[in-house]
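A.B. asks: Position chain B against the provided structure of chain A, taking the given hints into account.
Number of protein chains: 2
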Amino acid sequence: MPDTIQSRENERIKHACALRDSAARRRAEGLFFAEGLRLCTDLAQSLCPVEVYYTQRFLQAHPEAAQLPGRHAFVSEAVAEKLSDTRSPQGLFCIFPRRAQTFSDLGRGGRYLCMEHVQDPANVGALLRSAAAFGFDGAVLCGACADPFAPKAARASMGALARMALIFADETKQAIDAFHLYGITVIAAALEHSAPLEAADTAFPGGVAVLVGNEGNGLAPQTVASADMAVRIPMANGVESLNAAVAGSVLLWHFRGVQQ
Amino acid sequence: MPDTIQSRENERIKHACALRDSAARRRAEGLFFAEGLRLCTDLAQSLCPVEVYYTQRFLQAHPEAAQLPGRHAFVSEAVAEKLSDTRSPQGLFCIFPRRAQTFSDLGRGGRYLCMEHVQDPANVGALLRSAAAFGFDGAVLCGACADPFAPKAARASMGALARMALIFADETKQAIDAFHLYGITVIAAALEHSAPLEAADTAFPGGVAVLVGNEGNGLAPQTVASADMAVRIPMANGVESLNAAVAGSVLLWHFRGVQQ
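From first to last, the protein sequence lines are chains A and B.
For what it's worth, the working numbering labels the leading residue of the first sequence as 824, then goes sequentially.
For what it's worth, the working numbering labels the leading residue of the second sequence as 824, then goes sequentially.
So here's chain A without its partners, still in its complex pose:
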């Protein structure tokens, strides 16, 4: 029978909250916090949780949670409330290890999403979810992107965090140079000086990287200039833009790697 943590000041609980709230702590410790049955079981298909916390009530409703690997502890309802990032906590919380990936994990012939300064965690999460669904092998997050391991992004990604390689770069140029080194074609999303999406090839035997930019400003001009090709999504008269997750996902759909 696992221990029960009753105190909101317990050191393990404070540690879990720190991982939930701080990108720096997540990075330094190589761990992240996840909440809820669907997300945690989805992540646990590829990653082994190191800590598993649940309420008595949660375990009664979902006895299968007892099968998760890692160190288990019960938490009181008051502690669950402290741990939760949502209004109505289900009562399951896990700490998972982050994989540490680098550009040497890129593969020839692979498909990659590359984000530059995508700042809304919900957009980062939704784009990772689309990339995983459309058969992409990994994602590179450049510059000031929201942390994909933050709770809001992790929830929106629906387990894609565990399914794909994730690589971080300070400058987009590092990512473009790495793609080129591996013979991967780099395609930038840009409203101007770009080809309409339907005119772009869909088969890239050497691999393809799709670059999407900041919600308000798009990609930096030097990023677009360094890409092999720029594409835009044609829009009806008077419409200036799409939701950022939608626009990026339509590009990922065009360059998808899934079969019927």
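One or more hints might be untrue.
Copies of the same chain look alike in the list, so a pair counts if it works inside one copy or between any two.
Calculated pairs, SDA-like style, for lysine to any residue (alpha carbon to alpha carbon, straight line, at most 25 Å) [unchecked claim]:
id: 1; residue 1: Lys975; residue 2: Gln942
id: 2; residue 1: Lys975; residue 2: Gly1061
id: 3; residue 1: Lys975; residue 2: Pro892
id: 4; residue 1: Lys975; residue 2: Val1062
id: 5; residue 1: Lys975; residue 2: Glu1063
id: 6; residue 1: Lys996; residue 2: Glu1015
id: 7; residue 1: Lys975; residue 2: Met1058
id: 8; residue 1: Lys975; residue 2: Ala1059
id: 9; residue 1: Lys975; residue 2: Ser869
id: 10; residue 1: Lys837; residue 2: Ser911
id: 11; residue 1: Lys975; residue 2: Ser1064
id: 12; residue 1: Lys975; residue 2: Thr909
id: 13; residue 1: Lys996; residue 2: Ala923
id: 14; residue 1: Lys975; residue 2: Gly1039
id: 15; residue 1: Lys975; residue 2: Asp908
id: 16; residue 1: Lys975; residue 2: Cys840
id: 17; residue 1: Lys996; residue 2: Asp1051
What the hints contain is simulated information worked out from the structure, not anything from laboratory work.
C.D. replies: Relative to chain A, chain B alone:
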């Protein structure tokens, strides 16, 4: 020089807040509330505001707001705070008329988005934005959809509310019957017993209606059964679903009516 409203209890301000908060009031009065420069000026390209409220500070920063049609009034910062649905109000608020549209506004050869029980206002707004961008002529909202005129949906729609016909139906069957009456082909999104999206025609000279369902449950089985065709977005192994706004938008993109 317009009046200045200083009191948070002013009847016009209470009326604006009621339109902001109540779908029933919006429906009964045929009006809706919008906030912020980008959304209000975008809507004002097609709809004439009946009331325009701004702070002195806002008008100094954006003197062009004085050119908006409708009855103008200054509001104090305290009143702007009461009116605002956001954390940092810009200081511009308008009340617009809703167009009242019915199935008789459908056109042969048109393109329509049809939503069934799409409950998140951000999804409703993002789908309308995509539909407008991809050259759709209108949208039908069936059953328990979030109100597209609610502030969160209106913000996410980015002016699409004013660009497209919007029709409301209690039952999806009414919409499908109306589409068929006009010779419009009805296509349902469904994970099972459906063709992969890339196998679906893109040219429908008689018109096309794309049906998307609830975020968690999809379309009702009887809705799918009444459609002329069902399509699914093929996904990679292990991925069960996409963000609802993304999935619907990929379908809208496939059936788009925009030229390069």
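A.B. asks: Hint compliance check: list the failing hint numbers for this structure, sorted ascending.
C.D. replies: Structure breaks no hint.
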